[in-house]
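There are 4 protein chains.
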Amino acid sequence: MTPENIRLTRYVSVRSRSERLCAPLSAEDHVPQPVSDVSPPKWHLAHTTWFFETFVLAKQQPDYRLFHPLYGYLFNSYYESEGAHLARPQRGSLSRPTVAEVMAYRAHVDESMRRMLKEPLEPAVAALVELGMQHEQQHQELLITDIKYILGHNPLHPAYDPLGIGPQDVTAEHDGTCPPLDDWLSVEGQTIRMGHQGPGFAFDNESPSHLALIQGVDIRVALVTNDEYLQFMRDGGYQRHSLWHAEGWDWVQTLKFRAPMYWQPDPNQPDGWGHYTLQGVMPLTSQAPVTHVSYYEAHAFCDWAGWRLPTEFEWEAAASRFDWGRRWEWTRSAYQPYPGFARSEGAVGEYNGKFMVNQQVLRGASWATSPGHARLTYRNFFHAPLRWQFTGIRPVRSRESA
Amino acid sequence: MTPENIRLTRYVSVRSRSERLCAPLSAEDHVPQPVSDVSPPKWHLAHTTWFFETFVLAKQQPDYRLFHPLYGYLFNSYYESEGAHLARPQRGSLSRPTVAEVMAYRAHVDESMRRMLKEPLEPAVAALVELGMQHEQQHQELLITDIKYILGHNPLHPAYDPLGIGPQDVTAEHDGTCPPLDDWLSVEGQTIRMGHQGPGFAFDNESPSHLALIQGVDIRVALVTNDEYLQFMRDGGYQRHSLWHAEGWDWVQTLKFRAPMYWQPDPNQPDGWGHYTLQGVMPLTSQAPVTHVSYYEAHAFCDWAGWRLPTEFEWEAAASRFDWGRRWEWTRSAYQPYPGFARSEGAVGEYNGKFMVNQQVLRGASWATSPGHARLTYRNFFHAPLRWQFTGIRPVRSRESA
Amino acid sequence: MTPENIRLTRYVSVRSRSERLCAPLSAEDHVPQPVSDVSPPKWHLAHTTWFFETFVLAKQQPDYRLFHPLYGYLFNSYYESEGAHLARPQRGSLSRPTVAEVMAYRAHVDESMRRMLKEPLEPAVAALVELGMQHEQQHQELLITDIKYILGHNPLHPAYDPLGIGPQDVTAEHDGTCPPLDDWLSVEGQTIRMGHQGPGFAFDNESPSHLALIQGVDIRVALVTNDEYLQFMRDGGYQRHSLWHAEGWDWVQTLKFRAPMYWQPDPNQPDGWGHYTLQGVMPLTSQAPVTHVSYYEAHAFCDWAGWRLPTEFEWEAAASRFDWGRRWEWTRSAYQPYPGFARSEGAVGEYNGKFMVNQQVLRGASWATSPGHARLTYRNFFHAPLRWQFTGIRPVRSRESA
Amino acid sequence: MTPENIRLTRYVSVRSRSERLCAPLSAEDHVPQPVSDVSPPKWHLAHTTWFFETFVLAKQQPDYRLFHPLYGYLFNSYYESEGAHLARPQRGSLSRPTVAEVMAYRAHVDESMRRMLKEPLEPAVAALVELGMQHEQQHQELLITDIKYILGHNPLHPAYDPLGIGPQDVTAEHDGTCPPLDDWLSVEGQTIRMGHQGPGFAFDNESPSHLALIQGVDIRVALVTNDEYLQFMRDGGYQRHSLWHAEGWDWVQTLKFRAPMYWQPDPNQPDGWGHYTLQGVMPLTSQAPVTHVSYYEAHAFCDWAGWRLPTEFEWEAAASRFDWGRRWEWTRSAYQPYPGFARSEGAVGEYNGKFMVNQQVLRGASWATSPGHARLTYRNFFHAPLRWQFTGIRPVRSRESA
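Chains as they are written, first to last, in the UniProt record's numbering: chain A, 1 to 402; chain B, 1 to 402; chain C, 1 to 402; chain D, 1 to 402.
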């Protein structure tokens, strides 16, 4: 295949996957925004399209005709350079454009994109197209987590894919395969090169590659399981202030949390709990990695167990030696620029850099991450209290400091 | 026709009208709740059905089968006697039940209701059925105002019925027919019987009928027009604190209001304004009655003009002599029980009485009120800052007090 | 005495009483504003002085020198006509001016006022002086209630006047003298003149005098006692939604109230309760009138007892036949202008009229009302949830409506 | 001198300094809490005393008598292990205990402490006493910043020490001595030992000492000056979104900030600005280091200038080669535990560790830091938007990453 063919095929494949992910939804499911962090599925479908329209077509194709003059206002997420945009919490107030109109928008943009992708591209344009596809893959995971939130917080608890036969293998969410819990890998203290190198795609926040010094630690092969987390709960984990950050303790007290998101008491289960999954409400799989925990909970659990969370560099140094990719793994590293990081010029420079304060880095990927999107140097980031993503906990044991 | 036939026909007519009002909507339009006061159309369709299911079928028909065990939780509005219910601001978070499922719910309840209505009813049950129909008619007006809010606050400003050929005559909204502005009716000071008498239906808050003393006043035949309101705006009405209640002034300052709801600056219009209507964005009709004003605005306008709002009894004493029914007319009367008012026993006792504090009475009806639902003794009520209903202003001139 | 002497004596007497009320306080007690409704005692002392400076001296005395150019900004309460003022919730942020500086401000203004009052005054000026004194008397009651709030919400519960020997007879707060509880007065249905007549001082909201129609009712000679209120509490009064206004029920649920303000559980008391008074924490006096209840609580109590609150006109028609003046008595009347009410021109027109929405009228007076300040036609007003004033409950029994 | 004498002398010296810092205040100045972060001076005086009473006397002296049973509730800041405490935002609601009573509390505790300190102490107890003194020194700086906030946000702008002759040299606040602005120190890329070593006192968050890898950078000898910051402002620094973190931009837009805290427009100054200092409102000293900037502002300034903030390790590696101690210098390092950090057992373990999320490290000290309290390894920490501390900006120039 020519490079153009490869790119075009990839474009079509990425774009169609977003639509397939929404196929099991009713029109109504595309609309709500139950909390500010969760966007309507319809919005994701349109926003990813707006990205190509705005940063590729409108800038590269002189004769490109905007699909609708107001869609830029509606579907810009946060790019200040691209002008005013709808306030984020208002996304769920919009019944229009309808799903059908959003699909027409996608078709309109895809048609122009496909025409363009048949021709060779300037490297800078090719990079923007690639960025658009990576961006859409990020939103594909958000589609899954936001759909789970919308359906899972509905008192009717409808399943997204009850039989597990849909576009994404949702049975992987509660897969109970688990390495031995006492299997720890030794990571030696060392100065080691971190971050993205080489020719493949990476986001700007993974660069520049640089040396980092890590301490010697042991890192566990297995993620923390539901069963281990239940022991923490039964031992009063949510009632003991000493295990928590001060603001984590406030969070727990104010919101009266006593379990991960989506768990619900179920007297019919031996362990007393069920949880909502994309297949509907199910018993817990005891050996599956615990998920939907906040950074506060991940920290408190580790404190209780006598462990701690890894730094992002400890994680990166060890990850090739264990199996990762089932949960986004909270690290104790705050999200900061790498030494020498410089944001790009223009709107694309807003992609990552401006979020580098007050967030924690998560490493790895989750079962809901799009195929081909995971990477050892990938840096995901969320605020400490958030837990609607498929987060998890990987334990580290400190050694004496050098 | 037998009384049973009459009642059945009326039931079918009322119920089908709700569905026809939603016919121009997309499935998506049924979902959002952009502010707490505005409910999703889907919710109105289900809640009015729940009313019949809960207060009639479940209590009167021993073999009635609930359509869904959780719908009581989802679609109870505020009846504490009927158990827990979804918090009001969460209504827009629900994508399920879908519109189709809500329609199936309606069909299920309607089938049982129709069967029941073929037989003679105990008077108490007949009264509940009538209350259910009156209740649904109230929600039909809310359907229209809530649909207007959802579409009118969408930056795309889609029309509900662009051609004015739908189930409700939306051209009446901006009808500019207007009596002479200097036509005032004299109402003599008198002691006069107020409130509902006789055999027809009325809500409990219209009773008991009782004597009220009113002062002599002049009341205008015409409502305040858009043109008059524009003069108030041009004369600095929104900038002069002395015209406003203290909390009205705070409201104006905080929310930066400068015009009624749905007005938008339009440099292409001679008067500088357009407004969103159910037919889409249109120029103002200068002689149409101003609408979508809060009690604060109605009061400030009157203060500016040297007039005041009527009390609800002045209104009721005079209304047979002028044409009313185009706007809900703010009165200066706070919503209080009539002398001798006693709430009913049971859940139905929650219908009106518990709202009798901190609201203003509105009298009359609006162009969006359901056919046959208006009544001279009708007491509508809203909080002072609200303006998404089709409210209006009727001027009164005081005379010297006796 | 000449009219000038009488006025001067009254001025000195009113002014000095404010200072005497603060005599038992520490300097620190003059500073806090624990909630927005409660102002620092220092602020009351300065604001009442600002009233004379602004509305009398600065306007009438050409050579009057403002004490400080910024005090107008600091001590204007809400008179928009007099320019910008400190936001109300900021009053407790100010440590300066100190109490001593405020006292110097008072002395400065008093000196000019005394000089002026020695001469005959234009009637309009005399009216402003009188208004200033009435205004200061209103703030004297607020001084007492605000001091009670500041000290009573301090976990140390310091007494204002432990021995009851201070400038105000604080033992009257818990005086248990009580008329027979089954003594009811009959008020006949009638048209009767209400509101202020005659030459004495009254606030603008008491005028114009006008005819009102009242229904026949029975009104109780005794206020509701602590003992009666305890029966309501023991009978689940705070747990039964059907007794409450909808917004009252929200208020109770959200704030978890279970008793009047200042009550605290005390296992050492036979009735299980103590309460904070200006003499410190004491047992309840069972026959003393219950106090510190909101309108919501007053309404719920009456609903439970099978009674209701009086309208303000029922109260005014009957009050000459019972003993009143111990508690501000909630009425079911919303605060509205009397027929023919017109606000005064200028800043003084802001005194009352702009608050005539969303408040309830209270009639009578309380033990903390300044001597000579009570009046049968007096209309006090507060928002329904407030209860830091010395409020009380007078029962009415409805008869059949006419 | 014996070790006991040295310790006793130090104790008396530290304790008396707190009281001297409050000497210029009125009683009223000790009371307000204008925002939640700013505590009343009275509270600082009592809380530092409570620390000795609770962690030393009550635990070590069997016959120690608590001064007041409720002071633990009032003056515990956040030690969950020590039981319930007053909610932080309520500190300004308390007029009692008065300043005099707080001084009596101090005298009571000091008397017991002095008696105890005359005898040799167990090392663990000696460490707690030392911690108490260090803790009080931290609160001495907070006393200065909180006093500045209380007086500086009062519209009267009273000076704390107009002549600069008080207990602290307040003229140092606006000292304009400045090294050359183009003087940069080269820091080589290296692995270097960081954190506290040796026998002297340090807080737990400075340990363990460990190796860190730093990149080669240039660090400027001079802090950013008022003059440089004015250039940033004039160049639209507060209006250009691209310079800011996303949440910094929200902060600027929402709060409408356009200059550092305490700056106020002054048309009489050539540069257009004055600022409030502890000597009262003054012109800016152009070469003095800018202060009262948030982390967001420090970051935006550096981004504008083409520089960046140092990491805390770059700072520590270079600080011995420049003059520091005038401003707390924001670093780009998030506040995280050092490798191998373990919190202490018991209440003292709450001292630092539980705050290690969502804050930025500041290094150095300020002119208001207590004598003898500064240290090269000291780690101060605040949330990104806070700016009432004496913060400053030290520029770094990146080199190419290794």
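Mixed in with the good hints, there may be bad ones.
[Said to hold, decoys possible] Reference listing, derived: stretches of chain D covered by chain C, where coverage requires no fewer than 3 residues with Cβ under 8 Å from a Cβ of chain C:
| id | segment |
| --- | --- |
| 1 | 70-79 |
| 2 | 92-98 |
| 3 | 148-161 |
Everything labelled a hint here was simulated from the structure, so no lab data went into it.
All C-beta atoms in this analysis are idealised placements derived from N, C-alpha and C, irrespective of residue type, glycine included.
How the hints compare with the structure:
no. : hint    : result
1   : 70-79   : holds (count 3)
2   : 92-98   : holds (count 7)
3   : 148-161 : holds (count 7)
Checked against the numbered hints above, the structure breaks none of them.
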